[in-house]
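Undergrad: Now for the letters of each chain:
Number of protein chains: 2
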Amino acid sequence: MTDETRTQNENRAQRRDWTSRTQISAQLLTAVEEILETGETYTEVSVDRLVTAAGMPRSTFYLYFADKSDLLLALVDEVIADLETSVQGWWNFPANATKTDLQEALRPELEVYRRHRAVMSSVIEAAAYDPTVRDRLDDLYAISTRRMAEHLREGQQHGGVRPEVDIDSASDWIGTMIERGLDQLVLPADSDELERLLTAETDIIWNVLYRGTR
Amino acid sequence: MTDETRTQNENRAQRRDWTSRTQISAQLLTAVEEILETGETYTEVSVDRLVTAAGMPRSTFYLYFADKSDLLLALVDEVIADLETSVQGWWNFPANATKTDLQEALRPELEVYRRHRAVMSSVIEAAAYDPTVRDRLDDLYAISTRRMAEHLREGQQHGGVRPEVDIDSASDWIGTMIERGLDQLVLPADSDELERLLTAETDIIWNVLYRGTR
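Here the protein sequences line up with chains S and B, keeping their order.
This note's numbering applies: residue 49 is where the first sequence begins, and numbers increase by one.
This note's numbering applies: residue 49 is where the second sequence begins, and numbers increase by one.
Fair warning: there could be bad hints in the mix.
Any copy, or any two copies together, can satisfy a pair, since identical chains are not distinguished.
[Unchecked claim] Subject to a maximum C-alpha distance of 20 Å in a straight line, what follows is the list of computed SDA-like cross-link-like pairs (lysine to any residue):
1) K116 <-> A197
2) K116 <-> L246
3) K147 <-> W254
4) K147 <-> R162
5) K147 <-> R210
6) K147 <-> G260
7) K116 <-> A79
8) K147 <-> F109
9) K147 <-> P211
Since the hints were derived computationally from the structure, they do not count as laboratory data.
Since we're looking at a predicted model, the values are computed, not measured.
Required output: the full structure, derived from the provided sequences and hints.
TA: Written out as structure tokens, the structure is:
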């Protein structure tokens with residue numbers, strides 16, 4: 049996004065209310081995902097195509113978004129919000145929870161990532177050349193790693209996390225594993241593979257972080 | 049690399065002997081790394097600059113390499129060979145080895161990766177737009193993951209690896225963690241951070257794969 053489109057967008061944003069922008073992008077997210085699932089790439093799809101699929105007047109689109117790049121950023125935010133909700137079960141993982149509970153706490157993130165696979169692939173592709181998208185993704189990863197570290201710190205205080213865990217370095221390694229694994233392993237997996245990946249991820253996280261404390 | 053330069057290169061390769069090409073690229077690797085350590089990028093450095101730094105006639109360079117991209121591929125091979133050697137201590141990790149032994153077996157890979165950080169950064173950058181480089185890197189990761197799986201399979205047969213480990217999925221997750229972590233965590237780390245990352249990596253791998261079997 050150029051500085052000019054950014055400014056235009058900010059002006060638009062000030063005129064519009066953000067609740068509506070969020071509602072509109074949620075509506076477009078469904079349409080975008082349906083189109084991308086047919087194999088087209090985000091770059092190929094026109095705004096006309098998008099608004100038609102979403103049953104939305106073209107003018108409404110341009111009321112809220114400067115262009116397709118701007119929409120992609122809004123879609124990233126939608127997906128990030130879903131991903132953040134999906135890991136709450138893990139961050140609030142109680143001290144007496146079992147390995148089976150952990151598996152069910154980890155499951156939503158994998159499923160949400162896969163549900164949004166079309167948009168996530170477009171986002172990762174766009175991150176290679178668009179610094180704004182890259183920054184947004186980096187923020188997501190940084191926030192996740194920080195939340196994991198907070199969760200571990202609290203857990204160590206209450207004895208629910210192995211005392212030997214070096215919280216910062218472990219969060220970095222595990223965060224990196226999940227970030228990359230979602231993209232490289234979870235996205236291409238079928239349902240059976242997903243289940244095996246989830247079981248293996250649970251075994252890793254359980255043994256590294258919680259085993260022997262409960 | 050275009051098809052044409054590839055063909056030129058193959059013709060050259062047939063005329064030259066590969067031992068010499070390997071020797072020449074090892075010589076250039078040192079020169080390239082010294083130049084890149086000053087902050088220049090591989091894209092910016094001219095062939096003239098490289099051969100001067102390596103004390104090599106320009107004609108010798110073009111006897112063995114079609115261009116700078118071709119040299120980069122040869123440098124990747126040098127670095128990959130070093131990385132493969134660096135993990136032998138892990139693949140041959142004996143059944144009675146301790147967690148401290150594991151740490152020392154994992155150390156060389158991190159150190160080799162950091163020693164070649166300038167070339168590895170150039171390679172990862174080039175992989176974003178050059179499919180040949182991308183393929184070479186993917187091969188490296190695929191081979192590492194396969195070797196890890198072989199090591200685990202053998203270990204499980206002899207009781208040196210936790211029987212609960214799902215070898216394929218665990219190799220995928222751990223391989224992904226190491227691949228990405230080398231780039232994202234190890235490359236920017238100073239010596240103290242490197243030591244903490246190594247300790248945390250050892251703790252993860254020990255607990256996931258070996259703990260309780262020895």
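Undergrad: Broken hints, numbered, in rising order?
TA: Hints 1, 2, 4, 8 contradicted; others consistent.
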